[in-house]
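*Asks:* For the sequence shown, position 421 (counting from the first letter as 1) is numbered 421 according to full-length UniProt numbering, and the numbering increases by one without interruption.
Simulated from the structure, these hints should not be mistaken for laboratory data.
The structure displayed is predicted, hence computed values, not measured ones.
We treat Cβ as the ideally placed atom computed from N, Cα and C, and that holds for glycine.
There could be a bad hint or two in this list.
Pairwise CB distance ranges, derived in the manner of DEER restraints [stated by the list, open to error]: (1) Gly257 / Lys418: 30 to 38 angstroms; (2) Asp163 / Pro238: 18 to 26 angstroms; (3) Ala358 / Ile454: 15 to 23 angstroms; (4) Arg406 / Leu457: 15 to 23 angstroms; (5) Gln478 / Pro185: 41 to 49 angstroms; (6) Ser183 / Glu264: 31 to 39 angstroms; (7) Pro185 / Glu379: 23 to 31 angstroms; (8) Pro238 / Phe414: 22 to 30 angstroms; (9) Pro353 / Pro300: 35 to 43 angstroms; (10) Asn354 / Asp163: 26 to 34 angstroms; (11) Glu393 / Gly221: 44 to 52 angstroms; (12) Pro353 / Asp479: 40 to 48 angstroms; (13) Arg349 / Gln435: 25 to 33 angstroms.
Okay, derived cross-link-like pairs now, EDC-like style, lysine to aspartate or glutamate, Cα gap no bigger than 20 angstroms in a straight line [claimed, not checked]: (14) Lys446 / Asp160; (15) Lys469 / Asp428; (16) Lys446 / Glu355; (17) Lys342 / Asp374; (18) Lys315 / Asp374.
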Amino acid sequence: MEQSVKNSTEDVKIKSSKGSANHHRKTVNDAADKFQEKKAPNSQASPSRFVKILSHHLLDVKFNFFPVRSLLWSGAFAITAVASATLGTTVALMVPLSPLIAVSHEGQQNKSIWSESFHYGLSRPVNILVMGIDRVIDVPDDPRQIFRGRSDTMLLLRLDPSDRSVKMLSIPRDTRVDFPGMSIPKINQANADGGATLAARVVHHTLNNVPIDRYVRVTTGAFRELVDLVGGVDVFVPERMSYHDNTQNLHIDLAPGWQTLNGEKAEQFARFRNHNNGDIGRVQRQQALLKSLRAKLQTPAMVPRLPKLIRVLSKYIDTNLSLEETLALGTFGLTLQQDNFKMVLLPGRFSTPNEFSASYWIMDSIGKDRIMRDYFGQESTPTLLAANPSANELRIAIQNTTGQPRMNQKVIKFLRSKGFYNVYLVNDWSESQQQTQIIAQQGDVKAAIALKNILGLGKIEADSTGDLKSDITIRVGQDWHL
Numbered sequence: 001m002e003q004s005v006k007n008s009t010e011d012v013k014i015k016s017s018k019g020s021a022n023h024h025r026k027t028v029n030d031a032a033d034k035f036q037e038k039k040a041p042n043s044q045a046s047p048s049r050f051v052k053i054l055s056h057h058l059l060d061v062k063f064n065f066f067p068v069r070s071l072l073w074s075g076a077f078a079i080t081a082v083a084s085a086t087l088g089t090t091v092a093l094m095v096p097l098s099p100l101i102a103v104s105h106e107g108q109q110n111k112s113i114w115s116e117s118f119h120y121g122l123s124r125p126v127n128i129l130v131m132g133i134d135r136v137i138d139v140p141d142d143p144r145q146i147f148r149g150r151s152d153t154m155l156l157l158r159l160d161p162s163d164r165s166v167k168m169l170s171i172p173r174d175t176r177v178d179f180p181g182m183s184i185p186k187i188n189q190a191n192a193d194g195g196a197t198l199a200a201r202v203v204h205h206t207l208n209n210v211p212i213d214r215y216v217r218v219t220t221g222a223f224r225e226l227v228d229l230v231g232g233v234d235v236f237v238p239e240r241m242s243y244h245d246n247t248q249n250l251h252i253d254l255a256p257g258w259q260t261l262n263g264e265k266a267e268q269f270a271r272f273r274n275h276n277n278g279d280i281g282r283v284q285r286q287q288a289l290l291k292s293l294r295a296k297l298q299t300p301a302m303v304p305r306l307p308k309l310i311r312v313l314s315k316y317i318d319t320n321l322s323l324e325e326t327l328a329l330g331t332f333g334l335t336l337q338q339d340n341f342k343m344v345l346l347p348g349r350f351s352t353p354n355e356f357s358a359s360y361w362i363m364d365s366i367g368k369d370r371i372m373r374d375y376f377g378q379e380s381t382p383t384l385l386a387a388n389p390s391a392n393e394l395r396i397a398i399q400n401t402t403g404q405p406r407m408n409q410k411v412i413k414f415l416r417s418k419g420f421y422n423v424y425l426v427n428d429w430s431e432s433q434q435q436t437q438i439i440a441q442q443g444d445v446k447a448a449i450a451l452k453n454i455l456g457l458g459k460i461e462a463d464s465t466g467d468l469k470s471d472i473t474i475r476v477g478q479d480w481h482l
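Starting from the given sequences, assemble the full structure and let the hints guide the process.
*Replies:* This is the structure we're talking about:
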């Protein structure tokens with residue numbers, strides 16, 4: 001059976017060996033409107049139906065001859081979807097993509113049971129807007145009311161089957177935007193003013209007209225419950241975190257050092273903002289927390305728990321994605337390598353008290369254009385996009401983890417001997433590390449790779465957990481011998 005599914009830019013063929021599929025078509029008015037919040041009959045997956053089928057597949061595969069490592073990654077890939085939206089840091093990959101899927105395994109031999117059971121795969125790159133929504137107090141138990149709050153978290157994900165990669169852009173909630181119909185010029189206000197539709201329009205307009213294919217919204221509570229269900233997560237708390245706000249009933253008290261955090265404590269770690277870096281520091285901590293959660297979900301002990309985790313978390317999700325797309329993402333998850341998952345923060349700076357009456361994150365237009373080009377394939381006006389910085393221009397922050405005070409000068413001396421002069425020190429990292437990290441703070445992975453080749457050591461981290469002002473942060477470990 002073969003059918004053609006139309007979207008705004010192309011027709012994607014879908015073949016199925018198990019009978020005809022329901023006709024599925026979405027009305028698309030413009031590039032920013034590639035989705036609708038209202039779910040059409042027979043084309044959208046209810047949470048219960050979605051969970052029932054996905055759980056069935058997880059249980060069916062668990063007892064067959066499927067590689068455990070791949071199963072763990074696929075399960076983690078799906079479940080961290082929910083966590084990432086609520087937490088503020090990554091992959092809402094429990095979501096499907098109907099006009100964007102195609103059968104990928106029909107007629108092929110030597111495929112795993114899991115892959116054969118899914119049948120579908122992504123046929124082109126997909127952009128998904130993920131929002132973690134603040135809890136709206138004293139509203140009826142109605143999705144239209146529950147999901148009407150501000151977005152505490154906003155992520156833009158790109159799933160690309162051509163290179164089997166996932167790229168994630170964290171958009172700070174205080175990002176200043178200029179868009180008609182918003183009561184406050186902060187990007188987190190868009191969902192409260194006009195739901196997912198307005199939020200997608202604002203992101204599309206702000207980020208170089210990037211197409212938004214689908215959305216996923218997750219309410220508060222999912223992350224806390226997920227962490228408790230997996231038995232807690234191991235996190236390094238870099239400093240004492242103490243903050244109390246009786247009006248929000250928010251009480252945070254965490255001691256420094258390695259800890260196993262339960263759901264409540266993990267949420268405190270994620271929400272802590274009383275810091276010089278404000279909301280941006282929170283985004284960085286959330287990225288670190290998500291890495292720990294993904295690692296926990298990939299342990300063998302998690303295999304029997306995957307169906308229950310998905311069932312429990314489904315009540316927190318609102319999406320306009322179809323059930324068939326879940327199967328496509330399951331297949332995609334099996335082929336995703338951890339090194340192909342890249343995270344980056346929207347480049348910018350904090351506003352000054354003299355600029356505005358409120359605090360904002362002011363986008364760096366050149367940095368934004370580079371991210372949209374390198375991560376999302378959105379070309380910008382050539383005159384506005386600066387070339388990658390040269391060795392002399394590259395801003396390199398040095399952060400010592402070794403406990404050896406003289407190490408800082410050794411690192412700076414070596415880098416200057418190689419032509420890197422824009423090098424500066426930041427406060428030592430309190431956790432001792434064996435391996436040096438080369439953090440692509442602004443998403444410039446090519447520069448990080450070039451620097452690693454010069455150093456001959458270190459591990460590249462494609463995230464934004466380093467110094468905010470740097471292009472590259474080198475977190476010096478015990479392996480430094482230069």
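*Asks:* For every hint, state whether the structure bears it out.
*Replies:* Comparing the hints with the structure gives:
Roughly 35 angstroms separates the CB atoms of glycine 257 and lysine 418, a value that falls within the hinted 30 to 38 angstroms. Between aspartate 163 and proline 238, the C-beta spacing of about 33 angstroms breaks the proposed range 18 to 26 angstroms. About 43 angstroms separates the C-beta atoms of alanine 358 and isoleucine 454, a value inconsistent with the hinted range of 15 to 23 angstroms. Distance hint check for arginine 406 and leucine 457: the Cβ-Cβ separation is about 18 angstroms, which falls inside the suggested range of 15 to 23 angstroms.
As the Cβ distance of glutamine 478 to proline 185 is approximately 47 angstroms, the hint placing it in 41 to 49 angstroms holds. Hint check: serine 183 to glutamate 264, Cβ distance near 32 angstroms, so the stated range 31 to 39 angstroms holds. Between proline 185 and glutamate 379, the C-beta spacing of about 27 angstroms keeps the proposed range 23 to 31 angstroms intact. Proline 238 and phenylalanine 414 have their C-beta atoms about 26 angstroms apart, which keeps the hinted 22 to 30 angstroms range intact.
Between proline 353 and proline 300 the C-beta distance comes to about 52 angstroms, which lies outside the given range of 35 to 43 angstroms. Checked against the hint of 26 to 34 angstroms, the C-beta distance between asparagine 354 and aspartate 163 comes to roughly 45 angstroms, which is inconsistent with it. Distance hint for glutamate 393 and glycine 221: a CB-CB separation of about 45 angstroms, consistent with the stated range 44 to 52 angstroms. Range check, proline 353 to aspartate 479: Cβ separation about 43 angstroms, and the 40 to 48 angstroms hint holds.
Judged by the Cβ atoms, the range 25 to 33 angstroms given for arginine 349 and glutamine 435 holds: they are separated by roughly 31 angstroms. For a cut-off of 20 angstroms, the pair hint linking lysine 446 to aspartate 160 stands: about 19 angstroms separates their Cα positions. Annotation: proposed proximity of lysine 469 to aspartate 428 holds, straight-line Cα distance about 16 angstroms (limit 20 angstroms). A threshold of 20 angstroms between alpha carbons decides the hint, and for lysine 446 with glutamate 355 the separation of about 34 angstroms lies outside it, so the pair is violated.
Between the alpha carbons of lysine 342 and aspartate 374 the distance comes to roughly 11 angstroms, so the proposed pair stays at or under 20 angstroms and holds. Taken as a hint, the lysine 315 and aspartate 374 pair is broken in the structure, with Cα atoms around 35 angstroms apart against an allowance of 20 angstroms.
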